[in-house]
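Using the sequences and the hints, build the whole thing.
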Amino acid sequence: GDSVTQMEGPVTLSEEAFLTINCTYTATGYPSLFWYVQYPGEGLQLLLKATKADDKGSNKGFEATYRKETTSFHLEKGSVQVSDSAVYFCALANFGNEKLTFGTGTRLTIIP
Amino acid sequence: DVKVTQSSRYLVKRTGEKVFLECVQDMDHENMFWYRQDPGLGLRLIYFSYDVKMKEKGDIPEGYSVSREKKERFSLILESASTNQTSMYLCASSLSGGASEQFFGPGTRLTVL
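From first to last, the protein sequence lines are chains A and B.
Position 48 of the first sequence, counting from 1, maps to 49 under this note's numbering, and the rest follow consecutively.
Position 96 of the second sequence, counting from 1, maps to 114 under this note's numbering, and the rest follow consecutively.
Each hint should be verified, as a subset may be incorrect.
Unchecked claim - Under the rule of at most 30 angstroms between Cα atoms (straight-line distance), these lysine-lysine pairs were calculated in the DSS-like manner:
{"hint": "1", "chain 1": "B", "residue 1": "73", "chain 2": "B", "residue 2": "21"}
{"hint": "2", "chain 1": "A", "residue 1": "78", "chain 2": "B", "residue 2": "21"}
{"hint": "3", "chain 1": "B", "residue 1": "21", "chain 2": "A", "residue 2": "57"}
Said to hold, decoys possible - Stretch by stretch, here's where chain B covers chain A in the computed footprint (C-beta under 8 angstroms, at least three residues):
{"hint": "4", "segment": "44 to 51"}
{"hint": "5", "segment": "97 to 111"}
What the hints contain is simulated information worked out from the structure, not anything from laboratory work.
None of the values given here were measured: they were computed from a predicted structure.
No residue lacks a Cβ here, since even glycine has one placed at the ideal position from N, Cα and C.
Written out as structure tokens, the structure is:
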């Protein structure tokens, strides 16, 4: 079945550091890929998505590129802020499937 | 501003009680979902509904049931709460059509004593 593997946390970085959170997937067919973010005390919200190979999703300074050859969708940001502290989830939805498969989440803490 | 609301942010119940968690969305979405979120396990799908009165089991339906009598409302029911159902419960909704963005509520943290 479909699965998502993301790097274990927690991840702690200093403000303005470069961020990478790794995500790889296993799926039949051609899935759409997502990054969701959960700020403290809130539900998840969509951060970015990509629907086909080589697409790049971007939002709020975050980027991720759909790499079919390596089955990866790594999240990156060039300069993190304290306000980026949250839990980040990688997810996929296979073609025509209404349901998402989530990774286990990576807790990110940014220190001033 | 689109919204998914959940009836309680925090809930404390006793073992054996019947528990109702309510979720309402105002976006006219066809799909609604119930997940539980546990540390180290991420989000796991309990039940999914793709239309009124229609439901489908997710990955961990045991011990839970659901009800969707109106399009905007999706209820999760714990028939006889147990301590291993202590968790964060998240409701979400989405448009039908596959691979649509899911919109999440703020969650209900349920503690079963």
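Hint check results:
For the suggested pair residue 73(B) and residue 21(B), the alpha carbons sit about 22 angstroms apart, so the restraint of at most 30 angstroms is met. The suggested pairing of residue 78(A) with residue 21(B) holds, with an alpha-carbon distance near 28 angstroms, which does not exceed 30 angstroms. Between residue 21(B) and residue 57(A) the CA atoms are separated by roughly 27 angstroms; this keeps the pair inside 30 angstroms, and the hint holds. Counting residues of the segment 44 to 51 of chain A whose beta-carbon sits less than 8 angstroms from any beta-carbon of chain B gives 5, enough to reach three: the coverage restraint holds.
For the segment 97 to 111 of chain A, the stated coverage by chain B holds: 9 residues have a C-beta nearer than 8 angstroms to a C-beta of that chain, and at least 3 were required.
When the structure is compared with the earlier hints, no violation turns up for any of them.
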